[in-house]
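We have chain U already, so just place chain W on it with the hints.
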Amino acid sequence: MDIQTIFTSFVALVPVTLAQSLILAFVVLGIMIPFRTLNFPDLTSEGAFPLGGCVCGVLLAAGASPLTAIAVALVAGFLAGCCTAFIHLRFRIHTLLAGILMMTMLYSINLRIMGRSNLSVFGSPTVFDWAPFTQPGFPASKIVVAGIIGIVVFILLDLFFKTEKGTAIRAVGANPDMAEAQGINVWVATIGGVGLASAFSATGGALMVQSQGFADVNMGLGILINGLAALMIGEAIVGKQTVARQLAAPFVGAIVYYQLVSFCLAAGMPPPDLKLATGLFVLAMLALPSLRRGRGPAPAREAVRE
Amino acid sequence: MLEIRSARKVFYKGRPDEKKALDGLDLSLATGEFGVVIGSNGAGKSSMLNAISGAMVLDSGQVLINGDDVTGMPVHRRAARLARVFQDPMKGTAASMTVAENMLLADLRSRKRTLRLGLNAKRLADYRERLALLGLGLENRLDTRVELLSGGQRQSLSLIMAVGGSPELLLLDEHTAALDPRTADIVMQATVRAVEALKLTTLMVTHNMQHAVDYGHSVIMLDAGKVRLEISGEEKKRITVADLIGHFSVKTDRMLLAS
Numbered sequence: 162m163d164i165q166t167i168f169t170s171f172v173a174l175v176p177v178t179l180a181q182s183l184i185l186a187f188v189v190l191g192i193m194i195p196f197r198t199l200n201f202p203d204l205t206s207e208g209a210f211p212l213g214g215c216v217c218g219v220l221l222a223a224g225a226s227p228l229t230a231i232a233v234a235l236v237a238g239f240l241a242g243c244c245t246a247f248i249h250l251r252f253r254i255h256t257l258l259a260g261i262l263m264m265t266m267l268y269s270i271n272l273r274i275m276g277r278s279n280l281s282v283f284g285s286p287t288v289f290d291w292a293p294f295t296q297p298g299f300p301a302s303k304i305v306v307a308g309i310i311g312i313v314v315f316i317l318l319d320l321f322f323k324t325e326k327g328t329a330i331r332a333v334g335a336n337p338d339m340a341e342a343q344g345i346n347v348w349v350a351t352i353g354g355v356g357l358a359s360a361f362s363a364t365g366g367a368l369m370v371q372s373q374g375f376a377d378v379n380m381g382l383g384i385l386i387n388g389l390a391a392l393m394i395g396e397a398i399v400g401k402q403t404v405a406r407q408l409a410a411p412f413v414g415a416i417v418y419y420q421l422v423s424f425c426l427a428a429g430m431p432p433p434d435l436k437l438a439t440g441l442f443v444l445a446m447l448a449l450p451s452l453r454r455g456r457g458p459a460p461a462r463e464a465v466r467e
Numbered sequence: 000m001l002e003i004r005s006a007r008k009v010f011y012k013g014r015p016d017e018k019k020a021l022d023g024l025d026l027s028l029a030t031g032e033f034g035v036v037i038g039s040n041g042a043g044k045s046s047m048l049n050a051i052s053g054a055m056v057l058d059s060g061q062v063l064i065n066g067d068d069v070t071g072m073p074v075h076r077r078a079a080r081l082a083r084v085f086q087d088p089m090k091g092t093a094a095s096m097t098v099a100e101n102m103l104l105a106d107l108r109s110r111k112r113t114l115r116l117g118l119n120a121k122r123l124a125d126y127r128e129r130l131a132l133l134g135l136g137l138e139n140r141l142d143t144r145v146e147l148l149s150g151g152q153r154q155s156l157s158l159i160m161a162v163g164g165s166p167e168l169l170l171l172d173e174h175t176a177a178l179d180p181r182t183a184d185i186v187m188q189a190t191v192r193a194v195e196a197l198k199l200t201t202l203m204v205t206h207n208m209q210h211a212v213d214y215g216h217s218v219i220m221l222d223a224g225k226v227r228l229e230i231s232g233e234e235k236k237r238i239t240v241a242d243l244i245g246h247f248s249v250k251t252d253r254m255l256l257a258s
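Chains U and W, in that order, give the protein sequences.
Counting from 1, position 108 in the first sequence corresponds to residue 269 in my numbering; the numbering is continuous, with no gaps.
Counting from 1, position 154 in the second sequence corresponds to residue 153 in my numbering; the numbering is continuous, with no gaps.
The hints are simulated quantities; they were obtained by calculation from the structure and are not laboratory data.
All values derive from a computational prediction rather than experimental measurement.
All the given hints hold, so there is nothing to weed out.
List time: in silico DSSO-like cross-link candidates among lysine-lysine, alpha-carbon distance up to 27 angstroms:
{"id": "1", "chain 1": "W", "residue 1": "Lys-236", "chain 2": "W", "residue 2": "Lys-225"}
{"id": "2", "chain 1": "U", "residue 1": "Lys-401", "chain 2": "U", "residue 2": "Lys-326"}
{"id": "3", "chain 1": "U", "residue 1": "Lys-323", "chain 2": "U", "residue 2": "Lys-401"}
{"id": "4", "chain 1": "W", "residue 1": "Lys-198", "chain 2": "W", "residue 2": "Lys-90"}
{"id": "5", "chain 1": "W", "residue 1": "Lys-111", "chain 2": "U", "residue 2": "Lys-323"}
{"id": "6", "chain 1": "W", "residue 1": "Lys-111", "chain 2": "U", "residue 2": "Lys-326"}
{"id": "7", "chain 1": "W", "residue 1": "Lys-90", "chain 2": "U", "residue 2": "Lys-326"}
{"id": "8", "chain 1": "W", "residue 1": "Lys-121", "chain 2": "U", "residue 2": "Lys-326"}
{"id": "9", "chain 1": "W", "residue 1": "Lys-121", "chain 2": "W", "residue 2": "Lys-111"}
{"id": "10", "chain 1": "W", "residue 1": "Lys-18", "chain 2": "W", "residue 2": "Lys-90"}
{"id": "11", "chain 1": "W", "residue 1": "Lys-90", "chain 2": "U", "residue 2": "Lys-401"}
{"id": "12", "chain 1": "U", "residue 1": "Lys-323", "chain 2": "W", "residue 2": "Lys-90"}
{"id": "13", "chain 1": "W", "residue 1": "Lys-225", "chain 2": "W", "residue 2": "Lys-235"}
{"id": "14", "chain 1": "W", "residue 1": "Lys-198", "chain 2": "W", "residue 2": "Lys-121"}
{"id": "15", "chain 1": "W", "residue 1": "Lys-19", "chain 2": "W", "residue 2": "Lys-225"}
{"id": "16", "chain 1": "W", "residue 1": "Lys-121", "chain 2": "U", "residue 2": "Lys-323"}
{"id": "17", "chain 1": "W", "residue 1": "Lys-90", "chain 2": "W", "residue 2": "Lys-19"}
{"id": "18", "chain 1": "W", "residue 1": "Lys-198", "chain 2": "W", "residue 2": "Lys-111"}
{"id": "19", "chain 1": "W", "residue 1": "Lys-90", "chain 2": "W", "residue 2": "Lys-111"}
Bound conformation, chain U alone (with noise of 0.2 angstroms):
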């Protein structure tokens, strides 16, 4: 294959995965919540994502309008998460062993809501056919709707997280004992955080059922190392100082990943390779900082008297 024939079949896909990234957007934005704000590291996405998706499926099924069905999908997301959090908390199981137990419960769950594996509801009506400005079914529309929301959640996290309650919440990532001392409950930030991102995770799903027209119980694998992978792009792109920047990563991450998948997939990489590729990458960003630490002892913590 020459350079030509790679670019132009890139360029040609370059809208469609645009659209297909703003989804996947708030599924990076549910998996950077926990793990920067919150400093809850947490795989409940992977379970949240489909979640989200099988529910918006079937209530499109049953002939529910689209905005009701993202709406549930988001109340179900929030309470995975919730859920997630509170196993960490009560029975103190570790953050990651939590979200795993969680998303295979929601396996299980999500059959059950679907009944089946997959789903096709496509010809229902979508949020997408409300896309102001352009013809439905082409790419533009699910870019401007998707585009709009993603604008709409930035701007309204920002504000939030600014808030005294916001505030509050990305305390209790950075230091729970000290939030605690200051009168924060930990318990209601953290279980109110961890679902508020999985209703992000959930939002997405239902999203990328509306976008593709069919739910699948499999929706989810592996969506979180592509997160994750999205993120530390995103993080690297934009940087993470400023409550701004660290909430503008998942999208600026998601957007240019996706668009690295798309070219190497134009470029020929055969896809089953992918999974193994983003997982390199992954490791790779997270193991660059020890990397150039020199093989030193893990930071030394601050010699303090007994």
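Below, chain W alone, put in the same frame as chain U:
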């Protein structure tokens, strides 16, 4: 006013390594009183502070702040009444947040947090003014993340955060122990100024005998989970380091070294 009534706490109960942390501890601190707590390692000083702040649940006994029983209250609810400065400068501040944000968190300690903008112009001006009292230049670094400050600066910030809003009770947990002597002195002077100006009811734990002699209205010595000795009034004013050490058999070298 702080009252602790026959507080008991046993760790590892029924096991060979059973440890009585608090063994019927009784203590009372009048409103506006500055009490200094000393005692060797394992005497129960930290357990006592944890019992007051709520970080540790008592087996039996009561903790009362200004007459209200707070024994069953979780840490975050007691926070409305008391403030604590930890020994470890890392513990009392949120490292990844800015100086101003940390001040805001402390500012809202006893208030309901709303959905309004946290750092408004009025608050920022207030924080600038309060931090300026320290004379460390922190008032010009409101947007600096706390992790970039030195240990002494962080501890000074913790102190300003703790005394803001005049808590009903101020707990100082060896708050100068991790600092170099000069910085420790700055933080200690700032502490005394604030406590005197605001007439705060204060309980300070220290290993520094000189501090126990120089500061506070009373010295409370803990041993084996109870109050072994309490010196106050005129006797406290006359006491020397040698007297203090003479009052109990020194179990560790640390006290001698620290004096």
